Amino acid sequence: MTHRGHRVLFPMILFAALPLAAQTADDRVSQLEKRLDTLTQEVAQIRQEIDKLKGAPASAPAPAADTEDLTKVDVAPAAQPTPQPSAPSLADVQTVNNVVNPAASKVFNPDTSVIGNFLGHFGQYNPADPREPFRLDEAEVSFQAFIDPYAKGNFFLSVTPEGIDVEEGYAQFVTLPWDLTAKAGKFKAMFGKANTWHTHTRPWVDQPLVIHNFFGDEQFHGDGLSVSKALPNSFAFVEATGEVYSGEVDGIFERQRASDLAWNTHLKAFKDITESSNVEVGTSWARGTIANGHSAFGGVDVTYRWKPLQQGLYRGLIARVEGIANKRDDTDRTLRGFYASLDYQLAQRWFTGVRIDSADEPPRLAPFGPARDRGVSATLTFWPSEFSQIRGQLRSIRYGDVKTVNELLLQLEFAIGAHGAHAF
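According to the working numbering, the sequence shown is numbered sequentially starting from 69.
The set of hints was computed from the structure by calculation and includes no laboratory data.
Hints should not be assumed to be uniformly reliable.
[Unchecked claim] EDC-like mimics (lysine to aspartate or glutamate), calculated; alpha carbons at most 20 Å apart, straight line:
#1 K297 to D233
#2 K395 to E316
#3 K395 to D411
#4 K254 to E286
#5 K254 to E236
#6 K220 to D291
#7 K297 to E348
#8 K254 to E316
All of these numbers come straight from a predicted model, not from anything done at the bench.
Using the sequences provided together with the hints, build the complete structure.
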């Protein structure tokens, strides 16, 4: 009786379990279908994101798998070899980096800026420095970026109505042994103070007479090599610079032989006097060939700065004195000149200043004999923002004993783009 009961009970249990097993299999298939749909959607989204980063049109979503096949396939097909993706190109890497990290684009693009210098002139005609009533005198275009971890490239193009000229273009090496730095290319000589400035960094519209007479409006610059080194000591920051140029420097030196070179040396010391003031003293010496021998320049410059800590945004003062002497073999006298200036900050955006000039005229400017030019000027400058400035300059110049010229110079400078800081 017992065995017969068992034989009857077993078919009944099996018959009752069949629907439950079928239900469990159906649920498993539904779960797999939902999981497959989710994975398909994720793959499509990933493909669209990759296409977007590469700049290609988005791919169409992958078709949904036939879920009926899941119930028919008992054995998975043999795995097929998956093609290996090709290595990404440099353009693809750059595009992805720019989208994910916009700052990465600076690795491939230098800092670029344009600074415009618009001038106005009113007053008497100046034969030594003729100017138009209005003129976009210059647009300085700069490109600056690190070449590699060892050097930085700097290019400054001067665009004027006369044409385009490379004002400066050089590689600057900043990780040399023995704490040396060097420049190779075309650059302004480290002679004095005013000679090193670009137009937009001057505190005046014009050049001081001593720079104008001795070096010309293009200043002392040329193609060559420059090496600088800071000299450690406990008293002040001291830096020595030695430079060599091709013997032909416009308006200053003239190459007579292929081996002729021009030389320049500069030594400066910077010292903090108090928390609000400091002083910088420099000396320079340069020598090169001219038609009838040699020409040598010597210079001394002193700069005093005052900037109170509590009123640094509203008050400040800079006093400058620079003197230059020129000894030429084609004249029996030493030419001398200097300027002295004082610039004071009246308010956050207002500055004023005065300058006194005196300089001998070299033979190219005084063909009939010795002459000495003298001048005085006053400036008023307003900075609407750090990207623009408006300046007026009244100046009176006495050329030798012949003529006095009174003028009003107006200047609007405006900048766009990122422009690296110049040497302090």
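Each hint, compared with the structure:
{"no.": "1", "hint": "K297 to D233", "verdict": "violated (30 Å)"}
{"no.": "2", "hint": "K395 to E316", "verdict": "holds (18 Å)"}
{"no.": "3", "hint": "K395 to D411", "verdict": "violated (31 Å)"}
{"no.": "4", "hint": "K254 to E286", "verdict": "holds (13 Å)"}
{"no.": "5", "hint": "K254 to E236", "verdict": "holds (5 Å)"}
{"no.": "6", "hint": "K220 to D291", "verdict": "holds (17 Å)"}
{"no.": "7", "hint": "K297 to E348", "verdict": "holds (17 Å)"}
{"no.": "8", "hint": "K254 to E316", "verdict": "holds (13 Å)"}
Against the hints set out earlier in the document, violations occur for numbers 1 and 3.
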